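Given chain A's structure and the hints, the job is docking chains B and C onto it.
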Amino acid sequence: MFAVTTLVAVSFSIGSFRIGDAEKPFLYSVLLWIILVFSALSGLSRSFVKEEEAGTIDVLKLSARPQAVFLGKLFFNLTLLGALELIIVPLFILLMNYKIASPGLFAAMIISGGFGLGAGTTIVAAMIAQASARGALFSVLSFPLLLPLMITAIKGCERATDGMNTAGWPEVRIAVAYTIIMIIMSLFLFPLIWEE
Amino acid sequence: MISKLLLTLWMTAMIVAAFLYAGAATGFPGQTSRILFFHVPQAWIATLSFLLSMIASCMYLAKRSVKADHLALSAAELGLLFCILATATGSIFAKATWGSFWNWDPRETSIVILLMIYGAYFALRSAVPDPEKRRVFAAVYSILAFVTVPFLVFVVPRITASLHPEDTMNPAKPGMDPKTLKVFLGSLLAYTGLFVWMLRLKIRLLRVEGMREPEFVDTAMGQEEKLGPPSE
Amino acid sequence: MYSLKVSKICKHYAGTLLFKDISFELRPGEVLAITGWNGSGKSTLLRIIAGLVRPSLGKVEMFMEDEPIPKESRRKFLGMVAPALALYDELTALENMEFFCKVRGIAYDRENSLKIMERVGLTENATKTCRKYSSGMKQRLKLVQALLHNPPLLLLDEPGCNLDSNGMKIVEDIILEHRQLGMTVIASNEKREVAYADRAINLSE
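Residue numbers (the working numbering), protein chains in the order written: chain A, 1 to 196; chain B, 1 to 232; chain C, 1 to 205.
Bound-form chain A, shown alone (with noise of 0.2 Å):
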């Protein structure tokens, strides 16, 4: 709800607004990482506050590995995220008349970003799920983890629109190898979160 209200309140405000095509590709890039950032940072510490909270956390502690309940809620937050972008970037496309020159390297930005993001701040809600002041602290500790992989989103998507230099896809690239350290460095710490 958040992303879709955003969205369209960003919409109506810039449309009517000229902006440069030079400046377009950008600023687009820019907008669109900067819905889907903060959309998926109100929703994605839900999996591990919802267990808090319902006090089923403690039996799964007894249950499960502690890996497996970590990569059980990166696959949900996963999905969470593919189905925000599912949403989100084609109105987003469609509401902003956004031109897209090369639309292989803009999906692939948009789906290892999106990795990303799940990658980065799954084992962050772990975390907060256990604290105080849960919402605000979530946004506070995700987003320095995240601005490599925002910048680098950014950069990417903007690629894609104006087309040039597209060769190699390197930011596709550093978002995939972003995701992979992030799930290895989460898998490795997220036991000692867990465990107490």
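Hints were generated in silico from the structure; no laboratory data involved.
All values reported here derive from a predicted model rather than from experimental measurement.
The beta carbon of each residue, even a glycine, is placed where N, CA and C say it ideally should be.
There could be a bad hint or two in this list.
With a straight-line Cα cutoff of 25 Å, these simulated BS3-like cross-link-like pairs (lysine-lysine) come out [stated by the list, open to error]: (1) Lys5/C to Lys61/A; (2) Lys63/B to Lys202/B; (3) Lys63/B to Lys20/C; (4) Lys8/C to Lys63/B; (5) Lys182/B to Lys4/B; (6) Lys63/B to Lys191/C; (7) Lys20/C to Lys5/C; (8) Lys182/B to Lys73/A; (9) Lys61/A to Lys63/B; (10) Lys191/C to Lys138/C; (11) Lys61/A to Lys138/C; (12) Lys59/C to Lys61/A; (13) Lys59/C to Lys133/B; (14) Lys63/B to Lys71/C; (15) Lys71/C to Lys5/C; (16) Lys71/C to Lys73/A; (17) Lys99/A to Lys73/A; (18) Lys133/B to Lys20/C; (19) Lys61/A to Lys102/C; (20) Lys76/C to Lys61/A; (21) Lys76/C to Lys73/A; (22) Lys71/C to Lys61/A; (23) Lys138/C to Lys63/B; (24) Lys133/B to Lys8/C; (25) Lys76/C to Lys138/C; (26) Lys67/B to Lys20/C; (27) Lys67/B to Lys8/C; (28) Lys5/C to Lys59/C; (29) Lys133/B to Lys61/A; (30) Lys76/C to Lys115/C; (31) Lys102/C to Lys20/C.
Residues of chain A placed beyond 10 Å of chain C at every Cβ, according to the derived structure [to be verified]: (32) Leu31; (33) Arg46; (34) Thr56; (35) Val59; (36) Leu60; (37) Leu62; (38) Ser63; (39) Ala64; (40) Phe76.
What follows is chains B and C alone, placed relative to chain A:
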């Protein structure tokens, strides 16, 4: 006591020398280059402090020794302090040299990101009531944050370079004339001394505060003899 | 042959000492009761044994034929019932059990689960979602969950909570039956619940 006195004298000497002894570097408007004597050591210490804190965090997670956490926390606090100083002095320099307080060039961006990481670290620490969990979580976060740093090193120059074609501000290895070099190194030494002194003070403070709690604070209490299976 | 050894457990929380120097050993066939005032730390001690909470000092070890069981695997050998535990409201009882079986790495046997549910008197409600359960029914389902994987160690924190006298009888039966082959630790102040204990530790002393 002696070392504190020495440190104070040395620091004062450095500050004086920064203004009077070394000449102003050419290529920079007016006397602004002098800020390098202060700004660069601050930035270096802010970054190295983060590294130190992260290493201490790893040690804590490996052994659960509270001392390691004291080190991690103190390094983080001082790192934050120096980071703020570095950002401020950098900003002053930017205004004097380029006319605006903030420019988002790679160095500035990285120092801000470091600032954000520190901020998040302390936000996390203050949000977890249970002391042991707090230490574990903080340690985990600082390791995660550290892992993203290599990405930043790769990524930030790319994007900001394309945004802002102007040169970065780092005259890191200009041909420094000997006087400048001496003062610079001396200042670096002074700041490092300051850092180490403050670090030790903070750790001592934490240890004394920790003594208020009952002795059993963490489980890794040195040598415990291995207990065998129940005797028959 | 499993055994449990607890050595010199101390726990302090938020600056106050809950308990210290708790030590005991447990063998199959033994039932230990942990008693004490509300807030004396009974639940915490049980959670420490389960591995959910770290003790401030001391250690908990479980052995199988004198081989120590690593802490991460301990959960496979114990079943726990506690007021703080909750099961998934959105799932039915059977679905909950299926989930726990899968996640614990044991084959889901519908027949077996139904048999255990029969033992606690939940058969008619096996396919209802847990949201519709009364607190007594939820308590019984917690018992089912604890027994699913046939653990050698049972940790019961106020097992009779929310149960009527029928339910209490079921709990007593479970304790008696488990006592033959396994170890049991019961944390409670209820006379009926600790009646079968061989020995007791009082945390309020």
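Tested hints:
1. Lys5/C to Lys61/A: holds, 22 Å
2. Lys63/B to Lys202/B: holds, 21 Å
3. Lys63/B to Lys20/C: Since the Cα atoms of Lys63/B and Lys20/C sit roughly 23 Å apart, the hinted pair holds (cutoff 25 Å).
4. Lys8/C to Lys63/B: holds, 20 Å
5. Lys182/B to Lys4/B: holds, 22 Å
6. Lys63/B to Lys191/C: Violated, at about 43 Å.
7. Lys20/C to Lys5/C: holds, 16 Å
8. Lys182/B to Lys73/A: violated, 56 Å
9. Lys61/A to Lys63/B: holds, 23 Å
10. Lys191/C to Lys138/C: Within the cut-off at roughly 22 Å; holds.
11. Lys61/A to Lys138/C: With Cα atoms ~19 Å apart, Lys61/A and Lys138/C stay inside 25 Å; holds.
12. Lys59/C to Lys61/A: holds, 19 Å
13. Lys59/C to Lys133/B: holds, 18 Å
14. Lys63/B to Lys71/C: holds, 16 Å
15. Lys71/C to Lys5/C: holds, 13 Å
16. Lys71/C to Lys73/A: At roughly 23 Å apart (the allowed maximum being 25 Å), Lys73/A and Lys71/C satisfy the hint.
17. Lys99/A to Lys73/A: The given pair, whose Cα atoms are some 35 Å apart, is violated under the 25 Å limit.
18. Lys133/B to Lys20/C: This hinted pair holds, its Cα atoms lying about 21 Å apart.
19. Lys61/A to Lys102/C: Roughly 14 Å between the alpha carbons, so the hint for Lys61/A and Lys102/C holds.
20. Lys76/C to Lys61/A: Answer holds: Lys76/C to Lys61/A is near 11 Å, not above 25 Å.
21. Lys76/C to Lys73/A: This hinted pair holds, its Cα atoms lying about 21 Å apart.
22. Lys71/C to Lys61/A: holds, 12 Å
23. Lys138/C to Lys63/B: Given pair Lys138/C, Lys63/B is violated - Cα atoms ~41 Å apart, limit 25 Å.
24. Lys133/B to Lys8/C: Holds. Lys133/B to Lys8/C sits at ~22 Å (cutoff 25 Å).
25. Lys76/C to Lys138/C: Distance of about 22 Å is within 25 Å: holds.
26. Lys67/B to Lys20/C: holds, 23 Å
27. Lys67/B to Lys8/C: holds, 23 Å
28. Lys5/C to Lys59/C: Roughly 8 Å between the alpha carbons, so the hint for Lys5/C and Lys59/C holds.
29. Lys133/B to Lys61/A: Status holds; Cα separation ~16 Å.
30. Lys76/C to Lys115/C: Given that 25 Å is the threshold and the Cα spacing comes to 21 Å, the pair holds.
31. Lys102/C to Lys20/C: The hint is violated at about 38 Å.
32. Leu31: holds, 36 Å
33. Arg46: With a cut-off of 10 Å, Arg46/A remains clear of chain C, as the shortest Cβ separation is near 14 Å.
34. Thr56: Violated, since 5 Å does not exceed 10 Å.
35. Val59: The assertion about Val59/A is violated, with a minimum of 5 Å to chain C.
36. Leu60: violated, 8 Å
37. Leu62: About 5 Å separates Leu62/A from the closest Cβ of chain C, which leaves it inside 10 Å; violated.
38. Ser63: violated, 5 Å
39. Ala64: Nearest chain C Cβ is 4 Å from Ala64/A, so the label is violated.
40. Phe76: Label holds. Min Cβ-Cβ 14 Å, cutoff 10 Å.
Hints 6, 8, 17, 23, 31, 34, 35, 36, 37, 38 and 39 from the earlier list are contradicted by this structure; the remaining hints agree with it.
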